[in-house]
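J.: Turn these sequences into a full structure, and let the hints steer you where they fit.
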Amino acid sequence: MLGFIKALLRGEAHDAPPLTPPTFSSPIVPPEDSPATIQPAPGDEDHPLFGRALIIDYIDAQDVASFRRISVRNCYASGNYSYVAARCLERQAHRVFRIDRIDSVACGVSGEDLGDPERFFVPAPPAIGSRAGRLGRKPLPHPELRAAIRALITVARADGFIHPSERQVIQSFLKVAGASLSEAERGEMLQRALGLNADCEAFYRNLRIMFQAGEPLASTTIAAMGDLARADGEVSDDEMFLVSEMIRKGKEHDYRITIE
1 MLGFIKALLR GEAHDAPPLT PPTFSSPIVP PEDSPATIQP APGDEDHPLF GRALIIDYID
61 AQDVASFRRI SVRNCYASGN YSYVAARCLE RQAHRVFRID RIDSVACGVS GEDLGDPERF
121 FVPAPPAIGS RAGRLGRKPL PHPELRAAIR ALITVARADG FIHPSERQVI QSFLKVAGAS
181 LSEAERGEML QRALGLNADC EAFYRNLRIM FQAGEPLAST TIAAMGDLAR ADGEVSDDEM
241 FLVSEMIRKG KEHDYRITIE
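Residue numbers (full-length UniProt numbering): 1 to 260.
Just to be clear, a hint being listed does not mean it is correct.
As the list claims (entries may be wrong) - The calculated lysine to any residue pairs, modelled on SDA-like cross-linking and capped at a C-alpha distance of 20 Å, are: (1) 175 <-> 220; (2) 249 <-> 233; (3) 249 <-> 216; (4) 249 <-> 217; (5) 175 <-> 187; (6) 249 <-> 192; (7) 249 <-> 231; (8) 251 <-> 187.
None of these hints come from the bench; they were simulated from the model.
T.: In structure tokens form, the structure reads like this:
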């Protein structure tokens with residue numbers, strides 16, 4: 001992938017073999033769900049996790065463990081607990097899962113471990129123009145850096161999986177670009193970004209926000225592609241497209257981009 005990125009910077013074409021996605025085991029579910037799990041599941045299409053395919057390891061109120069695929073409909077708080085409302089693919093029905101009872105959460109496409117469930121399901125900031133935004137909820141700080149992280153995550157996840165070495169690259173980038181932040185702030189920023197949907201429309205939106213910060217952040221972000229290349233070694237067609245678009249947008253802003 002490193003040669004591919006350097007070729008793009010020179011304006012040359014480059015071909016690379018696709019990366020074969022990993023394989024996964026079938027989820028396991030109990031004979032029936034607990035009554036607390038079977039209840040109406042309110043949906044919210046504006047929620048950033050809406051439609052996200054996940055695999056969760058869940059322990060219900062009767063201490064019965066289940067391993068199942070879900071499609072998120074909403075995340076919300078009720079009383080002293082937070083919940084994930086979802087469509088369970090194994091049951092082909094709506095279910096509600098208490099977040100503190102979710103032992104692990106993984107990407108339903110790649111199987112990638114998404115970290116601490118309680119941090120993963122933290123509500124993201126409202127979109128501009130959304131009801132929450134109109135009510136005046138305070139936006140998260142450092143929007144340009146958050147956008148840069150999401151752009152890198154989108155590229156790393158384009159082949160369906162963020163490899164551990166790629167995650168380390170993104171963490172290293174965050175330490176440099178977010179040097180003024182505390183370790184806790186950087187950790188929160190990364191976990192929140194990992195929980196958002198990564199699609200092409202969001203990628204372009206993140207690029208627009210990132211470029212508002214000027215050349216230093218944009219050049220550092222694009223240069224991080226070189227480290228991602230060394231970490232991964234191969235490149236899929238989707239990765240090719242996203243990296244080329246990131247470089248093209250950088251050139252449109254006349255930013256100086258170098259990759260060693």
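J.: For the pair supplied as a hint, residue 249 and residue 216, is the alpha-carbon distance within the 20 Å limit?
T.: With a Cα-Cα distance of about 14 Å, the restraint between residue 249 and residue 216 holds, given a limit of 20 Å.
J.: Please work out if residue 249 and residue 231 have their alpha carbons no farther apart than 20 Å.
T.: Not satisfied, since the Cα-Cα distance of roughly 24 Å exceeds 20 Å.
J.: Would the hint linking residue 249 and residue 217 be met if the CA-CA limit is 20 Å?
T.: holds (13 Å)
J.: Is the Cα-Cα distance between residue 249 and residue 233 20 Å or less?
T.: Violated, because 24 Å separates the two Cα atoms, which is more than 20 Å.
J.: Does the structure keep residue 249 and residue 192 at a Cα separation of 20 Å or less?
T.: violated (25 Å)
J.: Is residue 175 within 20 Å of residue 220, Cα to Cα?
T.: holds (12 Å)
J.: Take a quick look at whether residue 175 and residue 187 sit within 20 Å of each other, Cα to Cα.
T.: holds (10 Å)
J.: Between residue 251 and residue 187, is the straight-line Cα distance small enough, at 20 Å or below?
T.: violated (31 Å)
In this structure, the earlier hints numbered 2, 6, 7, 8 are contradicted, and the remaining ones agree with it.
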